[in-house]
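Here the protein sequences line up with chains V and Y, keeping their order.
Read left to right, the first sequence gives residues 28 to 137 (the numbering used here).
Read left to right, the second sequence gives residues 1324 to 1433 (the numbering used here).
Please note that a few of the clues may not be correct.
To be verified - List of simulated lysine-lysine pairs, DSS-like, C-alpha gap at most 30 Å: (1) Lys1425/Y with Lys84/V; (2) Lys1428/Y with Lys80/V; (3) Lys1378/Y with Lys38/V; (4) Lys84/V with Lys1377/Y; (5) Lys84/V with Lys1391/Y; (6) Lys1391/Y with Lys1428/Y; (7) Lys97/V with Lys80/V; (8) Lys1428/Y with Lys38/V; (9) Lys1324/Y with Lys1378/Y.
Claimed, not checked - Anything over 10 Å on all C-beta distances counts as not near chain Y; from chain V, calculated: (10) Thr40; (11) His68; (12) Arg71; (13) Asp81; (14) Gly85; (15) Ser107; (16) Thr109; (17) Ser111; (18) Thr113; (19) Glu125; (20) Gln126; (21) Val136.
Rather than coming from a laboratory, the hints here were simulated on the basis of the structure.
Note that beta-carbon positions come from the ideal geometry of N, C-alpha and C, so glycine has one too.
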Amino acid sequence: DAGITQSPRHKVTETGTPVTLRCHQTENHRYMYWYRQDPGHGLRLIHYSYGVKDTDKGEVSDGYSVSRSKTEDFLLTLESATSSQTSVYFCAILDRYEQYFGPGTRLTVT
Amino acid sequence: KNEVEQSPQNLTAQEGEFITINCSYSVGISALHWLQQHPGGGIVSLFMLSSGKKKHGRLIATINIQEKHSSLHITASHPRDSAVYICAAPRGAGSYQLTFGKGTKLSVIP
Chain V
28 DAGITQSPRH KVTETGTPVT LRCHQTENHR YMYWYRQDPG HGLRLIHYSY GVKDTDKGEV
88 SDGYSVSRSK TEDFLLTLES ATSSQTSVYF CAILDRYEQY FGPGTRLTVT
Chain Y
1324 KNEVEQSPQN LTAQEGEFIT INCSYSVGIS ALHWLQQHPG GGIVSLFMLS SGKKKHGRLI
1384 ATINIQEKHS SLHITASHPR DSAVYICAAP RGAGSYQLTF GKGTKLSVIP
């Protein structure tokens, strides 16, 4: 168990509202990732972090921002949610070259 | 970017059957990952392998680096093996980012 939690686990929000998802880890792993998972697509990388205040874009970063002000927390923000951002969001950490995933957050944008 | 292809997309088997899921990738890598996702569940890392074969219980993963191909085998399949199986490869040599296949949905019928 890599000690990864995500909050909230479920959220329904309206188009145009800001949303922040939180990923928390307890083992001081340097690399953290945010993915989205949609039917017909594999997991797709949104953003990742390689240290406090060090982040970079993934393949589907438009409409998302991230922050990492301390090692244990990696936040994903949708500044103005759209229906196309309805998805299941997973965060992950890197431990000895393997990625371990959080339980996921199901986000619905109406 | 590494392109990861899995086959088949869907697979239905009778309990006890031997199952094979295939994964091919386009860019030479150091290691390939196999993951499992149960319905409505989280994502679990099964294997990370860089050569040859690894075995864990009834699951066996093989990789041929020269042919850029990996297989996941399940012996004596059981209904509890029903899940989506995902392979993933690094985006490139030395990358800590993964590119994921779209997954193979396995249903094992009693």
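Results of checking the hints against the structure:
Only pairs whose Cα atoms come within 30 Å are accepted, and Lys1425/Y paired with Lys84/V is accepted, the gap being roughly 21 Å. In summary, the hint linking Lys1428/Y to Lys80/V is not supported, as the alpha carbons are separated by about 38 Å, beyond the 30 Å threshold. Simply put, Lys1378/Y and Lys38/V have alpha-carbon atoms about 39 Å apart, too far for the 30 Å limit, and the pair is violated. Distance restraint check for Lys84/V and Lys1377/Y: the Cα-Cα separation of roughly 33 Å exceeds the 30 Å cut-off, and the hinted pair is therefore not satisfied.
Straight-line distance between C-alpha atoms of Lys84/V and Lys1391/Y comes to about 27 Å, which keeps the hinted pair within the 30 Å bound. Only pairs whose Cα atoms come within 30 Å are accepted, and Lys1391/Y paired with Lys1428/Y is accepted, the gap being roughly 22 Å. Simply put, Lys97/V and Lys80/V have alpha-carbon atoms about 8 Å apart, close enough for the 30 Å limit, and the pair holds. Restraint check: the Cα-Cα separation between Lys1428/Y and Lys38/V comes to about 26 Å, which is no more than 30 Å; the hinted pair holds.
For the hint linking Lys1324/Y to Lys1378/Y, the alpha-carbon distance of about 29 Å falls within 30 Å, and the restraint holds. With a closest Cβ-Cβ approach of about 21 Å to chain Y, Thr40/V is found to remain outside the 10 Å limit, as its non-interface label requires. A beta-carbon of chain Y is positioned within 10 Å of the beta-carbon of His68/V; the least distance is around 7 Å. Not every C-beta of chain Y lies more than 10 Å from that of Arg71/V, the closest at about 8 Å, which undercuts listing it as non-interface.
Residue-level check passed: Asp81/V sits 12 Å from the nearest beta carbon of chain Y, beyond 10 Å. Taking the minimum C-beta to C-beta distance to chain Y, about 7 Å, the non-interface status of Gly85/V is violated against the 10 Å cut. No Cβ of chain Y approaches the Cβ of Ser107/V within 10 Å, the least distance being about 27 Å, so the stated non-interface status holds. At the 10 Å boundary, the C-beta of Thr109/V stays outside the reach of chain Y, the nearest C-beta of that chain being 23 Å off.
Listed as outside the interface, Ser111/V is consistent with that label: its C-beta sits roughly 19 Å from the nearest C-beta of chain Y, beyond the 10 Å cut-off. Non-interface status of Thr113/V relative to chain Y is upheld: no Cβ of that chain comes within 10 Å, the nearest being about 17 Å off. Against chain Y, the non-interface label of Glu125/V is violated: not every CB pair exceeds 10 Å, the least being about 5 Å. In this structure Gln126/V is not separated from chain Y by more than 10 Å, as the shortest Cβ-Cβ distance comes to only about 6 Å.
Separation of Val136/V from chain Y is adequate, the least Cβ-Cβ distance of about 20 Å exceeding the 10 Å criterion.
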